[in-house]
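There are 2 protein chains.
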Amino acid sequence: MSGPLSDSELEKIDAYWRAANYLSVGQIYLKDNPLLTRPLVLDDIKPRLLGHFGTTPGLNFIYVHLNRIIRLNQANMMYVIGPGHGAPGIIANTFLEGSYTETYPNIERNADGVKRLFRQFSWPYGVPSHDSPEVPGSISEGGELGYSLLHAYGAAFDNPDLIVACVVGDGEAETGPLAASWHSNKFLNPISDGAVLPILHLNGYKIANPTLLARIDPDELQALFRGYGYHPYVLEGDDPRTMHQRMAEVLDTIYREIRDLQRKARENNDATRPRWPMLILRTPKGWTCPAVVDGKPVEGTWRAHQVPLDEVRTNPEHLKLLEQWLRGYKPHELFDEHGTFREELAEIAPKGRLRMGANAHANGGQLLVPLVLPHFRDYAVECGTPGAHVVSATSVLGKYLRDVMRRNLSQRNFRMFAPDENASNRLQAVYEASGKRWNARYEDVDESLSVEGRVMEVLSEHLCQGWLEGYLLTGRHGFFSCYEAFIHIVDSMFNQHAKWLKSAKDLAWRKPIASLNYLLSSHVWRQDHNGFSHQDPGFIDHVANKRADTVRIYLPPDANTLLSVTDHCLRTKNYVNVIIAGKQAAPVWLDMESAVRHCAAGIGIWEWAGNEAGGEPDVVMACAGDVPTLETLAAVTVLREWAPELKVRVINVVDLFTLEPVNSHPHGLNDEDFDRLFTVDKPVVFAFHGYPTIVHKLTYNRTNHGNIHVRGYKEEGTTTTPFDMTVLNDMDRYTLARDAIRLSPATAHRVKDAEQRLSEVLQRHKLHVTEHGEDLPEVRDWNWTAR
Amino acid sequence: MSGPLSDSELEKIDAYWRAANYLSVGQIYLKDNPLLTRPLVLDDIKPRLLGHFGTTPGLNFIYVHLNRIIRLNQANMMYVIGPGHGAPGIIANTFLEGSYTETYPNIERNADGVKRLFRQFSWPYGVPSHDSPEVPGSISEGGELGYSLLHAYGAAFDNPDLIVACVVGDGEAETGPLAASWHSNKFLNPISDGAVLPILHLNGYKIANPTLLARIDPDELQALFRGYGYHPYVLEGDDPRTMHQRMAEVLDTIYREIRDLQRKARENNDATRPRWPMLILRTPKGWTCPAVVDGKPVEGTWRAHQVPLDEVRTNPEHLKLLEQWLRGYKPHELFDEHGTFREELAEIAPKGRLRMGANAHANGGQLLVPLVLPHFRDYAVECGTPGAHVVSATSVLGKYLRDVMRRNLSQRNFRMFAPDENASNRLQAVYEASGKRWNARYEDVDESLSVEGRVMEVLSEHLCQGWLEGYLLTGRHGFFSCYEAFIHIVDSMFNQHAKWLKSAKDLAWRKPIASLNYLLSSHVWRQDHNGFSHQDPGFIDHVANKRADTVRIYLPPDANTLLSVTDHCLRTKNYVNVIIAGKQAAPVWLDMESAVRHCAAGIGIWEWAGNEAGGEPDVVMACAGDVPTLETLAAVTVLREWAPELKVRVINVVDLFTLEPVNSHPHGLNDEDFDRLFTVDKPVVFAFHGYPTIVHKLTYNRTNHGNIHVRGYKEEGTTTTPFDMTVLNDMDRYTLARDAIRLSPATAHRVKDAEQRLSEVLQRHKLHVTEHGEDLPEVRDWNWTAR
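Top to bottom, those sequences are chains A and B.
Each residue of the first sequence is one higher than the one before, counting from 1 in this note's numbering.
Each residue of the second sequence is one higher than the one before, counting from 788 in this note's numbering.
Heads up, a few of these hints could be off.
Straight-line Cα separation of at most 30 Å, DSSO-like style, residue types lysine-lysine; simulated pairs [stated by the list, open to error]:
id	chain 1	residue 1	chain 2	residue 2
1	B	K973	A	K296
2	B	K1360	A	K714
3	B	K1083	A	K714
4	A	K330	A	K320
5	A	K505	B	K1553
6	A	K714	B	K1553
7	B	K1553	A	K502
8	B	K1186	A	K714
9	A	K186	B	K1289
10	B	K1083	A	K186
11	B	K1292	A	K714
12	A	K351	A	K505
13	A	K505	B	K1501
14	B	K1083	A	K682
15	A	K647	A	K682
16	B	K1501	A	K502
17	A	K766	B	K1083
18	B	K973	B	K1051
19	B	K1469	A	K766
20	B	K1553	A	K31
21	B	K1186	A	K296
If you're looking for bench data, these hints aren't it; they were derived computationally from the structure.
Using the sequences and the hints, build the whole thing.
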């Protein structure tokens, strides 16, 4: 078989691949006798055989051939693998190229190191079985399939020199996010972005079933990828030597094609979407593992997915087969008498930063350049009398974000992401600074689309989240605005990112990356257009389950606090920041300096809103979120009429985790401060943006917890008026006022009267909205006035 | 323009379409003067203009043409719309065909009824703006895009006569779930299943941006759908008359093609996947709305997405335009002097059950046939001494499910769903009764695949969930088994289904459907192979936020309780049941009769496990979940040595919501019973399967809440040993024993000693796992023995 490889190159490439495969098998099985210097015995075998071999030889095959391309062309390449359970292969390769030992010096490049490498894998207090922050060169938490191609595109954005090779395999292509993410090519600019090389690795099977794309007609498969806009190359086979030649050939072609397309685009300043090449690679699952075990085919079937020989510890025949399998890679030809990878083989790997395990982009914190931020105070909205001025908080924020965008255009390290909702969320001012990225057909009516735009809009929360993760993990900054209810679509992606952050923090060599910033707007209380399906504030609960050192949740009550909070979040690292703020016109409560102080504290008494006048209050009215704040302050005015003598304290919470004890969350108040705010024995009426129970969850250990009475969203909703939403969920001003009266001993005598008033006003409300289709004038036009 | 329609047919079809469009616009704008019997005045206009017009004329166009196909062929058809915000159109059409009035008699077929129809839309205490249970003929909660095609396939399964027309539009095709769901054709059997007719409605725009598929090369678009395995037809235009002829033509062709493919398959008993037809329909967004408003193009652009003229209330010019627009449909030609739709037009709709708003499948509860269930007691595992017998609970369940499958094969109304995880979750016995559905290429090595199989496996939680929802909503039964961590992938789909169930319950005409049953296995505590990325028990928290009348969460501690719980769940209606159970070998604690009693109560004292002997205990050891139960019982044995005098009560919780007060959840214990179990003042050490805080959330109102001390998953994990997972999260038996000693006044003198013992044993554990890679023998081989 002739091809681009000389005999000697072919030998070396094959040997290198065998070495990677050998080290992969070793990690799964061996705790001793790493280089088979003596016959294998039971005692060499790990007690628990944990890992995945099936995808690994294919990953190794690709790795060694990418190495060749990198070396030949001094190419800047990253490797993103969808089947992250193939980590043994990536660990093996980074060990062979030396980047692993540079990262973990205790894993030396000799027999001792190989033994430690094997032993630590899937071992308690060792390294995980999946791709993870621990693996040099990785940017993906392996395990949950579906996001590799999105990470790859996110990495390629604004890195014009970079090529991200991305393996999609083991059924990942069947997942929704992956199926949609092929279309990312319509958001890539061939001039200013890098390239993604998708490699669809069809090894035929997932865990227990064939994969769909391996079993459709080859014509359909070709059509599908042409339809997605790619130029598919196909390579299929199982004879290693033939496959090495052909892989070298096809990668040479693909590499030239990528660079040609880029050159053409850049020389002609023509960013028109090219038809990027991609590779469909068909190799057997578990390639090179035993073909048949106990009379059943293993290589080339799903049986090779995890541990192809799983009875090694109990079945001597399996132990023998394992030894044959390992010796089949000819380890003595690969490692010298010290157990060191032979120099003539090691030399075919790229050097230094060009090694994929040492690519700087894969440890993005190293490359992180802080954002140049405008002074957020410059965007302050006038306040005057609290609540007198009404403004859409997110449209104010839009102007600030526009200038964040502007100031960082030249750094090319900030992008905004939204599932077709930036304008709906009132952030459209940002288009003045940069358009919406679009690399498909344009029409005359189009507005704000641009092939250079830095606002990423596509109708997929998955795509937004995945691109953003890839962008952040490679050392850049981003901002994701989303309808509150639909952020649940990426619950699981958020989980994996939070897990990545948690694990990465324990690794000194991983430098901190920019936080993932969410703005959740069009929230539960103001889904006037859309109703019940758009009403779910539960992302708060989902996020709150994650580690306190990773997550932050902010509920700024107005435009100025939103500015202050956002400015803060854009400066942080290694967090997930969730900001929840409405887009509808709403009162401004604090002037900018008060807003900054309030946000810095995270929680505070709004003295101007209460009437405790230095003494002890009868009741604490607490609130978190813009609509709850509005209803709470309105409740205070209702109380002036219903129970004028009641001494009310108003507390507003911006930073949700201030509620939690300080030993649970670094933002938590200590008990003394908490007690000072919430008292130790007075009733607390708490109006909360989300499901009420989380307030109990955060405060159940506090002294006064038994007196905290929470109102929030209780899953009642539809297309109705803003005020009716609060009525349906018992969070309206009148109900809050009645609650305060009922819970305060000082107003025991007024309870009956309050119930009566409440019933009357709610009945009047219901008649009015049913008759007129809008809220009572006194509710619509309500304005805070100091007493 | 010639075509299949005679002039008179063409006239009628166009008039019918105009009527539907007129009624759609009317719903968005008008509260009075419904048939324009006088000039439009401001007072006729709704105070809040809420709704979506952009997609609606296209939906109406398709509806009237499907009507024609139904009538011509007496076809059994359903209509599933992805852009569910186009509900005004569906409501209009069901009103025109009469099914709306049959469902809601107060919306009469006259001017009064039209007025009510208009007024109620997006009106407080009226009907929602989106497709919803309130809409006759609908099975999809409109609002969140992405699931229409899955619902359509789910509906078509096992309904060989049915054709489900499914509109994908307004950018839905960009979502992940939708992008993957085109591949559902590889899971459809042309003999025993019905057909899905996907209609990709390219009206060019989503909320604020062009849609991708509208802007790629027509060749790419064709290739994409050929690649997905379809035979795409394309129809494009904006001249109504031409479009009517061509639509009639293409639908005639498509309908014939579908029936031909089915006939061929059925006559030849050849289920080979056909290349099903699909339609790509390009019509302008907001077709027939004002072309230009205030100098800006509206029809054919994103500006028509919601309310094309949005200043009608403030801008007299807009009001005039609205009147012109409405009169353009010539309402006087469509409705007679009573405001009744003219008989000669009404007659072109199908009759009776053939009307899409009256299709029985769309109110699936009507068709629901209960499952024939085997006696679950027959699958009981012997218990003997509690904990002495060890078995994989899910593999026991697999045998029961196999027989559920068998007994319902002839009813063809039960399917199982899993993302490539049924066998991994140890349910493979079910393949003895029915194979895994596969309609792609077969190879010799394949096992248990079958084109008739009733086990649906694909590597996508979205596809599993969406198909199952469609299957349930059309009156069948299903069972979804999934890795616990990855069920978060469908958090948002679960939300929408739960919302559907909640709203549907309020509608007497909607008959109850079978519950959605989840088995979450391969759970957080036993991810030996996969580690951190696979560890997340938070679906519990997500589900618990939904309405108490809809959700149930069960944590059966062993095989027998799992059987009992599953049997119960399969009999229920209108719930979402979440069952969490491990797949690894684990102790059997209860014989079947005890298990049944325990599950019926949902919670109970395990007297055999404690030593309170009728008196008051010193400490309550509570547990929920299989691993927490194991660790709790082991802790009890540890306590026998560390604090033999300590009187321990053991409580096990199967039904999580028993913890909640009965006024919050129907399964909740009343306070008296709760106090009797948990005492009013004794310390409670609670070992919980998931994140600990939910126990606080459920119990914060209970008398003894202040003494409840919960251990659970605190987001610590990796690939490690089973016992080490409990150690990492402070839920191991030794820590639980120490907790009991520390919290009980009776053992104050033993605290120091217990701390010492704990520290020693955990150190010994850590040394052992690090050295040997497996748990201490005393932990691995631990067995409960009665004292």
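Now for the hints, and whether the structure bears them out:
1. B:K973 - A:K296: Holds, at roughly 27 Å.
2. B:K1360 - A:K714: Distance ~22 Å between K1360 (chain B) and K714 (chain A) Cα, so the pair holds.
3. B:K1083 - A:K714: violated, 42 Å
4. A:K330 - A:K320: holds, 16 Å
5. A:K505 - B:K1553: holds, 22 Å
6. A:K714 - B:K1553: violated, 45 Å
7. B:K1553 - A:K502: holds, 22 Å
8. B:K1186 - A:K714: violated, 40 Å
9. A:K186 - B:K1289: violated, 40 Å
10. B:K1083 - A:K186: OK: K1083 (chain B) and K186 (chain A) at ~27 Å, within 30 Å.
11. B:K1292 - A:K714: Cα-Cα ~17 Å, so holds.
12. A:K351 - A:K505: holds, 27 Å
13. A:K505 - B:K1501: Given pair K505 (chain A), K1501 (chain B) holds - Cα atoms ~17 Å apart, limit 30 Å.
14. B:K1083 - A:K682: violated, 59 Å
15. A:K647 - A:K682: Given that 30 Å is the threshold and the Cα spacing comes to 11 Å, the pair holds.
16. B:K1501 - A:K502: holds, 12 Å
17. A:K766 - B:K1083: Between K766 (chain A) and K1083 (chain B) the Cα gap is close to 39 Å, so the pair fails against 30 Å, i.e. violated.
18. B:K973 - B:K1051: holds, 18 Å
19. B:K1469 - A:K766: Judged against 30 Å, a Cα distance of about 48 Å means the pair is violated.
20. B:K1553 - A:K31: Roughly 18 Å separates the two Cα atoms, so the pair holds.
21. B:K1186 - A:K296: Measuring from Cα to Cα gives roughly 24 Å; hence the hint holds.
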